[in-house]
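In case you want the letters, here they are:
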Amino acid sequence: MILRALLLLTGAVALAGSIAVDRPERFSITAPCGLLVIVVAAGAIAADAVPLRRVPLACSAASLVLGGVLVVGRGEIQIPVAAAIVALQVAALAAQSRGGVPRIMRSR
Amino acid sequence: MEGLTPRERRLRRALIGVSMLAAVALLAIAGVLIYWWMYLLGPEGSPFTRGPYLLRVEQDRAELRWRTDGARDVTVTALDGAGREVTADGAVLRSLRPGTRYTWTASVDGVGRASGTFTTPSPDPDVPIRILALADYGIGGDEQYAVARTMAASRPDLVVTAGDNSYISAPDIALDRNVFRPMAELMRNAPVYVGLGDHEALPPGDGAIRAAFDIPPGGRYVVEHGPVQAVILGDRADADGIAFARRALARPGFRHRFLVQHRPPREGEGLVRLARSAGVDAIISGHLHRYERRVVDGVRCFTVGTGGGRIGADEFTRETEGAEVSLTRFGHLRIDIRGDEVRYTFVDLTGRVADRAGPP
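Going down the list, the sequences are from chains A and B. If you read the first sequence in numbering that gives the first Met the number 0, its first letter stands for residue 0, the second for the next number, and so on. If you read the second sequence in numbering that gives the first Met the number 0, its first letter stands for residue 0, the second for the next number, and so on.
Don't read these hints as lab results, they were simulated from the structure. All values reported here derive from a predicted model rather than from experimental measurement. Incorrect hints may appear among the rest.
[Unchecked claim] To be clear about the criterion: a stretch of chain A counts as covered by chain B if any three or more of its residues have a C-beta under 8 Å from a C-beta of chain B, and this derived list gives those stretches:
| hint | stretch |
| --- | --- |
| 1 | 46 to 57 |
| 2 | 81 to 95 |
[Unchecked claim] Residues of chain B placed beyond 12 Å of chain A at every Cβ, according to the derived structure:
| hint | residue |
| --- | --- |
| 3 | A13 |
| 4 | S18 |
| 5 | E84 |
| 6 | A87 |
| 7 | L95 |
| 8 | A151 |
| 9 | D197 |
| 10 | V222 |
| 11 | F243 |
| 12 | T316 |
| 13 | R342 |
[As the list claims (entries may be wrong)] So, partial list: chain A residues that the calculated Cβ filter (under 10 Å) puts toward chain B:
| hint | residue |
| --- | --- |
| 14 | L2 |
| 15 | G42 |
| 16 | A43 |
| 17 | L63 |
Glycine included, every Cβ here is placed at the ideal spot set by N, Cα and C.
Work out the full structure: start from the sequences and follow the hints.
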């Protein structure tokens, strides 16, 4: 949950930064955000894999890829990418809150 | 995380930590690689394996020559001081303006890979002209590089060599080491008209260097640059060579004439008599690894076998009897022409003047 919240916050900062700041200065906001997204999303993938939660796991994996795009992307692509990162976290949180988590680790 | 045992929770936390650390490590490695690739990795090596070098410069055309690593599409353009652009037809720049300084660039695959300058001869006989001369230089050593540097920096209009351009002989494989690499900057900025010496005659012969510089068999040809004529005669002017020089010197329209022969002339030789009768300004030679200034039968003679080839001890590289100046110093001869006046300066490999002379 902490990782998901961190991803959501980072995505929101990147989105706000890419809307509020023009190119190329926005790179100083989006690039650190992208790097942070990659690192946190790597942890989130591990967290969503054990126990397996398919939708959040897919959202985390997609966030990791989008974090890379946020770092290297040029032009106006940063706004939709940052928005997508935010949307993915919202979707993952919604899926988590609905419950029904299939587990690969059997509880005792 | 409900449903997991404490041990499983610890394992899960460890897995998350390792994943994040792995991501950090991968990002750090990627950052180093990207930085190396973008900022530290040098430019690609030159696609040119020889040159480009100026082969000849005339009033309205200039020709370059080069070799590339494989078939490459090379485009040469030249700009004059007013920004007028000329694009070469192959390696030949045509429709140039006389008496104009051009900057040329040779591009390969859309990237400029070599540049240089040249000045087309002016029809105005009073325009200053700078000619540089050297001989016995093709050894690929530090002294040769130093001499070539001082030559390139003095921005000559043309360069003549008086033989022994490559030691110990002149096979194609040795020319890059002995001629084209040490002289690269000079050859990009002035045409170098090569005279042949005795070392070019050694096996496998002078074929490679003649092909590289478009020199006719026998090594005799004439260079004309505005009011200046230089008759290049090869190693030694025999009867045919003297006849060739006589025909060349009979052509009117030159205010200054020079003969270039590898072996220094001696008193009473036919070439010296011809030079005197034709009013030749000077005979330029090499062979002896010294700089010498002499007057032979009334003709100013310079020996500039000081281009980089080893200078031996005095007992082996002996001073010529009667020489006004004789030095065992590496360097080149600078000939500055302004109107009727000709000034000679011997510049050593440190850029210092070792001798000055006017007409005899």
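Please verify that hint: L63 of chain A, Cβ, nearest Cβ of chain B, below 10 Å or not. holds (8 Å)
Non-interface claim for E84 of chain B, where every Cβ of chain A lies beyond 12 Å: With a cut-off of 12 Å, E84 of chain B remains clear of chain A, as the shortest Cβ separation is near 33 Å.
Measuring Cβ to Cβ, find out whether D197 of chain B lies farther than 12 Å from everything in chain A. holds (63 Å)
Is the Cβ of T316 of chain B more than 12 Å away from each Cβ in chain A? Non-interface label stands for T316 of chain B: nearest chain A Cβ at 65 Å, farther than 12 Å.
R342 of chain B remote from chain A - nearest C-beta pair above 12 Å: holds (57 Å)
In terms of Cβ atoms, is chain A entirely out of 12 Å range of L95 of chain B? At roughly 43 Å from the nearest Cβ of chain A, L95 of chain B sits farther out than 12 Å, so the non-interface label holds.
According to the definition I'm using, a residue is off the interface if its beta carbon is farther than 12 Å from all beta carbons of the partner; does A87 of chain B meet that for chain A? holds (37 Å)
Using Cβ atoms and 12 Å as the threshold, tell me whether A13 of chain B really stays out of contact range of chain A. Non-interface label on A13 of chain B violated, nearest chain A Cβ at 9 Å vs cutoff 12 Å.
Verify that the Cβ of S18 of chain B lies farther than 12 Å from every Cβ atom of chain A, and report whether the claim holds or is violated. Answer for S18 of chain B: violated, closest chain A Cβ roughly 4 Å.
So V222 of chain B supposedly isn't at the interface. Is its beta-carbon more than 12 Å from every beta-carbon in chain A? holds (55 Å)
Closest CB-CB distance from A151 of chain B to chain A, is it above 12 Å? At roughly 41 Å from the nearest Cβ of chain A, A151 of chain B sits farther out than 12 Å, so the non-interface label holds.
Given L2 of chain A as an interface hint, is its Cβ closer than 10 Å to any Cβ of chain B? Hint holds; L2 of chain A Cβ to chain B Cβ min 7 Å, cut 10 Å.
This entry does not satisfy hints 2, 3 and 4, going by the numbered hints stated previously.
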